[in-house]
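The lines below spell out each chain.
Number of protein chains: 2
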Amino acid sequence: MNKQSPSQNDIPVKTQSRNVLYAQAGGPTAVLNASAIGVIEMTKRHPEKFDKIYAAINGIKGVLEETLTDVTGLSECIMDCLRDQPGAAFQACRFDLDPVEDNPTQYQRVLDVFVTYDIGYFFYNGGNGSMVTAQKVADYCSERGHPVTCIGIPKTIDNDLAHSHCSPGYGSAVKYLATSLLESTIDLYSMHNTSTKFFALEAMGRNVGWLALAGGLLKLQCPDVPLIVLTAERPFDKAKFLAKVAHFYDTKGYCTCIVSEGLKDADGNYIKIENIEHTHLKDYVQLGGVAHTLSKMVADHFTCKTHSAVPDYMQRAASHLVSETDWQMAYRAGKAAVQAALDGKHGVLPVIEVIAHEPLVWRYKTVDLMEVADLEPTVPDEFITEDGMDVTQAAIDYLLPLIKGEKSIRYVNGLPDIHPLKFELMPKQLTEFIAVK
Amino acid sequence: MNKQSPSQNDIPVKTQSRNVLYAQAGGPTAVLNASAIGVIEMTKRHPEKFDKIYAAINGIKGVLEETLTDVTGLSECIMDCLRDQPGAAFQACRFDLDPVEDNPTQYQRVLDVFVTYDIGYFFYNGGNGSMVTAQKVADYCSERGHPVTCIGIPKTIDNDLAHSHCSPGYGSAVKYLATSLLESTIDLYSMHNTSTKFFALEAMGRNVGWLALAGGLLKLQCPDVPLIVLTAERPFDKAKFLAKVAHFYDTKGYCTCIVSEGLKDADGNYIKIENIEHTHLKDYVQLGGVAHTLSKMVADHFTCKTHSAVPDYMQRAASHLVSETDWQMAYRAGKAAVQAALDGKHGVLPVIEVIAHEPLVWRYKTVDLMEVADLEPTVPDEFITEDGMDVTQAAIDYLLPLIKGEKSIRYVNGLPDIHPLKFELMPKQLTEFIAVK
Chain R
161 MNKQSPSQND IPVKTQSRNV LYAQAGGPTA VLNASAIGVI EMTKRHPEKF
211 DKIYAAINGI KGVLEETLTD VTGLSECIMD CLRDQPGAAF QACRFDLDPV
261 EDNPTQYQRV LDVFVTYDIG YFFYNGGNGS MVTAQKVADY CSERGHPVTC
311 IGIPKTIDND LAHSHCSPGY GSAVKYLATS LLESTIDLYS MHNTSTKFFA
361 LEAMGRNVGW LALAGGLLKL QCPDVPLIVL TAERPFDKAK FLAKVAHFYD
411 TKGYCTCIVS EGLKDADGNY IKIENIEHTH LKDYVQLGGV AHTLSKMVAD
461 HFTCKTHSAV PDYMQRAASH LVSETDWQMA YRAGKAAVQA ALDGKHGVLP
511 VIEVIAHEPL VWRYKTVDLM EVADLEPTVP DEFITEDGMD VTQAAIDYLL
561 PLIKGEKSIR YVNGLPDIHP LKFELMPKQL TEFIAVK
Chain Z
161 MNKQSPSQND IPVKTQSRNV LYAQAGGPTA VLNASAIGVI EMTKRHPEKF
211 DKIYAAINGI KGVLEETLTD VTGLSECIMD CLRDQPGAAF QACRFDLDPV
261 EDNPTQYQRV LDVFVTYDIG YFFYNGGNGS MVTAQKVADY CSERGHPVTC
311 IGIPKTIDND LAHSHCSPGY GSAVKYLATS LLESTIDLYS MHNTSTKFFA
361 LEAMGRNVGW LALAGGLLKL QCPDVPLIVL TAERPFDKAK FLAKVAHFYD
411 TKGYCTCIVS EGLKDADGNY IKIENIEHTH LKDYVQLGGV AHTLSKMVAD
461 HFTCKTHSAV PDYMQRAASH LVSETDWQMA YRAGKAAVQA ALDGKHGVLP
511 VIEVIAHEPL VWRYKTVDLM EVADLEPTVP DEFITEDGMD VTQAAIDYLL
561 PLIKGEKSIR YVNGLPDIHP LKFELMPKQL TEFIAVK
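The listed protein sequences derive, respectively, from chains R and Z.
Heads up, the first sequence is in our numbering, so the first residue is 161 and it goes up one at a time.
Heads up, the second sequence is in our numbering, so the first residue is 161 and it goes up one at a time.
Among these hints, one or two may not hold up.
Since the list gives no way to pick out one identical chain from another, each pair is judged satisfied if it fits inside one copy or across any two copies.
What the hints assert, rightly or not - Listed below are the simulated DSSO-like cross-link pairs for lysine-lysine, each with C-alpha atoms no more than 27 Å apart in a straight line: (1) K379 x K567; (2) K404 x K424; (3) K424 x K212; (4) K588 x K400; (5) K379 x K412; (6) K379 x K582; (7) K404 x K582; (8) K398 x K424; (9) K424 x K400; (10) K412 x K582; (11) K204 x K505; (12) K588 x K412; (13) K212 x K505; (14) K567 x K400; (15) K212 x K412; (16) K404 x K567.
Just so you know, these hints were derived from the structure itself, not from any lab.
If we strip away everything but chain R, and leave its shape as in the complex, we get:
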C-alpha cells in the first residue's frame, strides 16, 4: 500500500476517477497485445476509478515525446485486431530512463506529461528493468504532488520471470518451437535413409534454456525420437555431443536437435559462426549461428548431409499458432494489473501462482517489482538429464499445460488478417522534447 492519497498533495485533483496510461517495452511476444485488451476492458468496467485510457506509442520514450493515443473508445474492430496482433501494437521501446540524479530533466518531463493528461495510473507491460524504472518515475511524480500508481505487467518469451510459474508469451513460443521441430523431424525421418541425417533448430535464449526445452515435447508424439536438447545452462562438450549423435545414428539412423542460441563451451565462449559479429556492437554479442555450427560439425565429422534452421523473430511473432492457455495468461495479466490498482497496490507485478496441477489451475497474485528486478531464473537441474543433453519427464510435465489449446484466427486472402496498426496521436500540448541519450 504505497499509494498516496491525493489529499496529501497541493495540486488539486479534479475528480475521483483519474486517467490511465498503458505502455509496452522490450521484445514482444505473440500474445503481448492480449494484455492490452485486458487492461482496456478491465479499466472500462470501473468508471468510478478510471476515466480516460491512453496508450503511449513507443513506451516510456513515447511518454517523453508525448506521442499518446486515446484508446478509451477503441472500436470493436480494432479490439478484434489486437486479439491476433503479433509484435507490440503500441510499439515497444528498448529505452530506459537514466538514473534520476544523472538526468532529472527526463523525470520532470514525465511529470509534466502526467500532470497535463492527469495520469493517475501507469501500467507498464515490459521487462523487469523497465518496469522498475516506471515505478521510480511514478514515485518521483507522487513525491512532487502528482500521485501515480504504477503496476507492471509481465511478458517475455524467455520465461526468466522470478516468482511466477511461467511468463505470459512463453507458452506460445514453446508451442511454436515444438510444432516446428516436430514437423521438421518428421521430414528428416522421411529422408534420412539416403539424405539428411541431422537437423538442428536454434531457439532464442541468451542465458537461459527455457525455450530449448520445447524440443522435449516431441516425446509426447514420438517417445523414442532420437533427440538432443542443448540448453544455455550446460557447457557444450563436443566429444560427448558427437558420441550421442553417433549413438542415435547407430540405433535410429538419424538425430534431431534443439539448441539455445546462447550455448557456450566450458570456457564460456559462445558456440557460433566465426565472423558473424556485427562490427559496431561493442558490449553486445550478436548471437545466431549455433545451429549452423553444430550442423557443420556433424556434417564434417560423420561425412553426412545435415540441415539447420534459425526461426529468430518467427518464434515470438507467430500469432497464427498461439497457445490458448498462454493467450489467457497474457489477457488476465492485464486484468490482474488493473485489479491490483483497484486494490490500492503500487509498485507491484502480477505473477502466476499455481493452485493445482493436472489439470493446471492458476491465478495471479502480486509481488513487489523490486523483488523480481534483477533475477533471471535459469532452468532447474531437475528439468535436464544427467548427460546435459535431454529433458526429463518433470520438464515435459511443466511444459505441457502451457501449450494447451488453439486459437482460431481470421484469414483474408490466405494470410492472417494482420498489419501494423496505426493509431491517431493526441494533439501535443507541451513543447517538443527529444528523447535521446
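Got chain R; can you put chain Z on it based on the hints?
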C-alpha cells in the same frame, strides 16, 4: 498410348486387374501425402483395373530392397493421419538408378520385384529426374514381357515444374513464408524506433526465386511495406541494395527483406557466410547463410541492430499451415495420375492447366515425362520489378490464388497430432539385395 497389352507377352497374366506400386522420392512438401491419398482412393474405386496397392518404403531404393507395404486396406485412421502428415509418409529417397548399360543388375532386380508382386502400374511421386528413371524401369520391364504402366506425380516446393501452372507443394510453402514474414515484419515495425531496423528471411531456392516471391504478398495487407525481395534470378548488387535500405530507413524507419538462399553476385559467387561449407561435399555447395550475411552487411553499414531467420525445413514441413488450394492440387495430382493410367497412358505426368483466372479454375492434363525432364523454369521477368528488388502486381496476382484456404488439423496435447508413421513390411520373397552405388 505406349501401354502394351498382356497378350503380347509370354508370362501369363492371371487376372485383368493388376497390382499398383506407389513410391515417393526427393525433397517432401507439406502436402505430398495428399497425393498418396489421391492414388489410394482412386485406384480403390476401380477394382476392375487395380487389385492390390503397394507402397515402396524409401522410393526406388525400397523397390530394389523389397521393402514394400500393402496399403490396400489402410485403416481410415491411418488415411486420416496421411491428410496432415508432413514429410514423405512412405519415406523418400535421394537415390536414382544408374544408366541401364552401367548397372543392368539393378533393372533386373526391379523386374524381379515387379514380377513377384505382379506390379502393373507404377506411380512415382518424385522429382523430374527420378520419374524419368521410373519410366525407363517400366519400359525395361515391359520389353522383357512384364508390362508396366508408369505415371509420374509432381511435387516440389521449388515450383520449377515446366508446363504446369504451378507445382503441388509450392502454394503451402508460399503461404507459410508470407505468413512468417508478415508476422515478423509487424514485430520489426513495433520495435524499429529504438531497436532492430532490418530483418531478412531466407527462402529456399538454389537456382530459382519462386519461393522468395512469397514476400510480395505482404503488400496485400500492408501496401506501403518497406520490402526488398531478392531472387536467385537477379545478381546481387551491394551498392544498390544498401541504397534501397537507406531509402526505406529515410522514409519508413525500417526495412524487411526476403531472399533466395541461392542469391549470387554478378560473378556468380554465392552471397553466404564464409567458412560454412561442409568440408566433405565436393560437388555440392551447402547453402544457408545469405540472410545472416545481408543482416551483418546492413548492421555494419548503418550501425544499427538487425536480425535474420532461416526457416529451412520448416518451410516445407509446416503441415499446420497449408493452403487448402495447394492441398487439393496435391490430392488431385494423385487422382489425375490414376486417371491417366485408366486412360491407357504411360510415361506421362499430370500438370496443372488453368481454364480461368479470377477465380482460378484449373484442371490436370498430362504431358510426356521427357518433355519436362531437364527443364527448370525460372521466375519470369514480368514478376520482378526493374530494379530487381521487388515483385510486380503480376507476381501477386499469380501467387494469391495458390495460398487461398486453410485446413484445420487435429491437435493433441497442444501439438499437431502427427508422428513418423511406420508401416508393416511385406514378408520378403526374394533374396537380399543391397542398393548401394
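Checked hints:
1. K379 x K567: So K379 and K567 pass the 27 Å test inside a copy (23 Å) and across (25 Å) alike.
2. K404 x K424: For K404 and K424, the Cα distance is within 27 Å only inside one copy (18 Å; across copies 37 Å).
3. K424 x K212: Classified as neither; 49 Å inside a copy, 55 Å across copies.
4. K588 x K400: neither (61 Å within a copy, 39 Å between copies)
5. K379 x K412: Answer is within; shortest intra-copy Cα gap is 15 Å, inter-copy 45 Å.
6. K379 x K582: between (43 Å within a copy, 16 Å between copies)
7. K404 x K582: between (51 Å within a copy, 24 Å between copies)
8. K398 x K424: within (11 Å within a copy, 33 Å between copies)
9. K424 x K400: within (14 Å within a copy, 38 Å between copies)
10. K412 x K582: between (52 Å within a copy, 13 Å between copies)
11. K204 x K505: within (19 Å within a copy, 69 Å between copies)
12. K588 x K412: between (65 Å within a copy, 22 Å between copies)
13. K212 x K505: Within one copy only: 20 Å inside, 73 Å across.
14. K567 x K400: Answer is neither: 41 Å inside a copy and 42 Å across each miss the 27 Å cutoff.
15. K212 x K412: Intra 62 Å, inter 30 Å, cutoff 27 Å: neither.
16. K404 x K567: Classified as neither; 38 Å inside a copy, 38 Å across copies.
Hints 3, 4, 14, 15 and 16 from the earlier list are contradicted by this structure; the remaining hints agree with it.
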